[in-house]
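Undergrad: This is what each chain is made of:
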Amino acid sequence: MLDSDTLIQHYLEGTLSDAEAEQLHDLLKAQPEIGERLLQQFDMDAMLHATKPLVASNIIRPALLPKRRFTFATVTSVAAMAACIALLGAWVLNEVLQLRPEAEETTASVAVLTRGVNLEWESAAITPGTPLSPGWLKLKSGIAQIEFYQGARVLIEGPAELQLVSSGEATCTRGKLSAQVPPQAKGFRINTPKGTIVDLGTEFGLDVSAANEEVHVFKGEVELHQPALTMKSLKEGQAMAIAGNTAMLAANASSFASLNEIDARSAMSQRFQFEKWLASSAKVNADPGLRLRFDFQDDEGSRSLRNHAVNGSQIADGSIVGASWTTGRWPGKRALEFRNVSDRVRLNIPGETKSLTLAVWVRVNGLDRSFNSLFMSERWGDRKVHWQITRDGRVRLGVAGGAGASHADHDTPVLFTPERFGRWTHLAVVFDPVTKEVRHYANGELLTRSALKSTEPLKIGIAELGNWNDRPTGGVAIRHLSGAMDEFALWDRALSDAEISTLAK
Amino acid sequence: MNTHETQAAQVFLAHHDFVRGVALKYAPWPGLMEDIAQQVFLEFMAKESQWDLSTDARPLLATMTRHIAMRQWRERTRQQPEVVQKLADHIRLLAEEREAPPRYEEEISVLRNCLQKLPEKSRELVELYYYNDIGTPQIADQINMKADTVCRALSRVREKLRECIERSSTQGGPAHA
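Which chain is which? The protein sequence lines are A and B, in order.
Mapping of the first sequence onto our numbering: residues 454 to 958, in sequence order.
Mapping of the second sequence onto our numbering: residues 3 to 179, in sequence order.
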């Protein structure tokens, strides 16, 4: 027989067996005070779950790791041998083949925006996943979580102004922020108009308003440096105004946003966006000019993509080859991952079209090939269409010439730099014979327009998403995409700037 | 989002803990509180144009939360064996019969202070179980204790935190566990 505490714990943990459930039920009926105790434990359990800080999920205590088969010494020996082999291999390659390393790509970014809730920026919108370079962030409203490359996590609550200085330093001139600084980011600095806070590996909050500046220490210790004053040290539970009355106050963690709150809020915000997208799908599908739309919400395990366009009966469902299912733009949204040289979706767009709009939500993981396919007609020639990304990051719509005429490539400036890899991007391209131009869009914004050489109708025919097939056997060029797609649509009309912008929201 | 939608989202977020408290009262089933809060958010936002955001949103949110909580509680418990369903029914009745209103909203902020005052061993246990998602049998295995002992230790920690919150609310000052 288990005692009531153990039974209650099993109930909270969801591990109650049938026999234990019966035993607990009997106890509750016989001793009403256990019922109140269970409810109090239940409430506290729920609150404790809600206080879970995000960072804690990353902490794995060595003592609780599964027992290892290899000792540290074994691992280091193997690693040392592997390093020797790699070095020898590199030396042989360099000496024998006279290879010279290419100039390495660099980035100016010092932090990344990892989460956001109801973000409104004073300048151009910054979305989660965006690497951040030194400069000002001006947040009108919402909560943004920024992770500095040295490891500090900072939450800013709008309205706020924060200048990123380096991967370990920022300046806050307005608003509230809370910072969580792990030991490896010790020394992280936040400057304010009246002083500088140097973190010694801790959690603290900072409130910078026009009238006052206050620093609150929730955990660990911070140093407060002010011009012409001696350095002050603030410990856990203490707070202080940075200027004026410098008496010690009690730290108030509840007046600052927590990492756990932003987690819960961003999950809700994502769910809301997903639901909005689902609700708007019927309207998009009913557009008379829409001939094909894959929403990638087919049953997991399905090997075909259903065409949801109401006016798309001439275009059959797409057939998935190789590509595997993955998570799309939001949790619960599905997408197809293209990773392997064989991965593709085969489809057939019969007939000719005078106008064309293509749109896709794509996550590019890398540009491994000279040409990385988004959507390409099989083979090439006679007004076929190739929509792809070049190795240097330009999006290209290639249109083959008809009757011996030469082809035309319509390129964007470089769009896909390493900073954009791994993030969802909405791409659209419009072939418009009325204005005699091709227009490219990214995330709803017009990127470029270029003049058409020929307005002859396009003939897509058999085509592939995420790959290209140029011949039936042998020597097929490799142009598969390394990334994922979670929505694709094709119209036989030219969509306007406003329509594209709506699609990308 | 348009302005009204943004305002509606802000109103909801200002009452997020209130919604969680109501959810706990009407659906005392482990792990259900966040799902209910999320569903209330979605349904609140789906009809946001109907709400007058200048008035107190609590009565509306309380009604929505109660309906959604009961719906989700039914869906979740009916998948359980009959004996567990009976237990769940009993616990829900006990929760509904409680006279005290939900106090989640006031208590969650006090709880954070109380957590900081816990003795080191208790705080470690909270971190292992709640923050690192390690189950009681695994904790017991790693620290060479019986699983029942870990269950009782967790129970005592929760009790201490409850006492700390109550002491704090009667004193009106900083909490000491």
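Be careful, since some hints might not be right.
Stated by the list, open to error - Listed next, the in silico PhoX-like pairs over lysine-lysine satisfying Cα-Cα at most 25 angstroms (straight line): (1) B:Lys-162 - B:Lys-123; (2) B:Lys-119 - A:Lys-639; (3) B:Lys-49 - A:Lys-729; (4) A:Lys-688 - B:Lys-49; (5) B:Lys-162 - A:Lys-736; (6) A:Lys-688 - A:Lys-736; (7) A:Lys-786 - B:Lys-49; (8) A:Lys-906 - A:Lys-889.
What the hints assert, rightly or not - A short list of chain B residues far from chain A (calculated; beta carbon distances all over 12 angstroms): (9) Ala-59; (10) His-69; (11) Ser-157.
The hints are simulated quantities; they were obtained by calculation from the structure and are not laboratory data.
Since we're looking at a predicted model, the values are computed, not measured.
The C-beta atom is built at its ideal place from N, Cα and C for all residues, glycine as well.
Undergrad: Are the Cα positions of Lys-162 (chain B) and Lys-123 (chain B) separated by 25 angstroms at most?
TA: Given pair Lys-162 (chain B), Lys-123 (chain B) holds - Cα atoms ~13 angstroms apart, limit 25 angstroms.
Undergrad: Under the criterion that the straight-line Cα-Cα distance not exceed 25 angstroms, is the pair Lys-906 (chain A), Lys-889 (chain A) satisfied?
TA: With a Cα-Cα distance of about 8 angstroms, the restraint between Lys-906 (chain A) and Lys-889 (chain A) holds, given a limit of 25 angstroms.
Undergrad: Given the hinted pair Lys-688 (chain A) and Lys-736 (chain A), is their Cα-Cα distance within 25 angstroms?
TA: violated, 57 angstroms
Undergrad: Given the hinted pair Lys-49 (chain B) and Lys-729 (chain A), is their alpha-carbon gap at most 25 angstroms?
TA: holds, 12 angstroms
Undergrad: Is it the case that Ser-157 (chain B) keeps its Cβ farther than 12 angstroms from each residue Cβ in chain A?
TA: violated, 4 angstroms
Undergrad: Just double-check Ala-59 (chain B) for me: nearest Cβ-Cβ distance to chain A has to come out over 12 angstroms.
TA: holds, 16 angstroms
Undergrad: Checking the smallest CB distance to chain A, is His-69 (chain B) really beyond 12 angstroms?
TA: Label holds. Min Cβ-Cβ 18 angstroms, cutoff 12 angstroms.
Undergrad: Holds or violated: Lys-119 (chain B) with Lys-639 (chain A), Cα cutoff 25 angstroms?
TA: holds, 24 angstroms
Undergrad: Does Lys-49 (chain B) lie within 25 angstroms of Lys-688 (chain A) when you go C-alpha to C-alpha?
TA: violated, 47 angstroms
Undergrad: Do the alpha carbons of Lys-162 (chain B) and Lys-736 (chain A) lie within 25 angstroms of each other, as the hint requires?
TA: violated, 55 angstroms
Undergrad: Within a Cα-Cα threshold of 25 angstroms, do Lys-786 (chain A) and Lys-49 (chain B) meet the stated pairing?
TA: holds, 23 angstroms
When each numbered hint is compared with the structure, violations occur for hints 4, 5, 6, 11.
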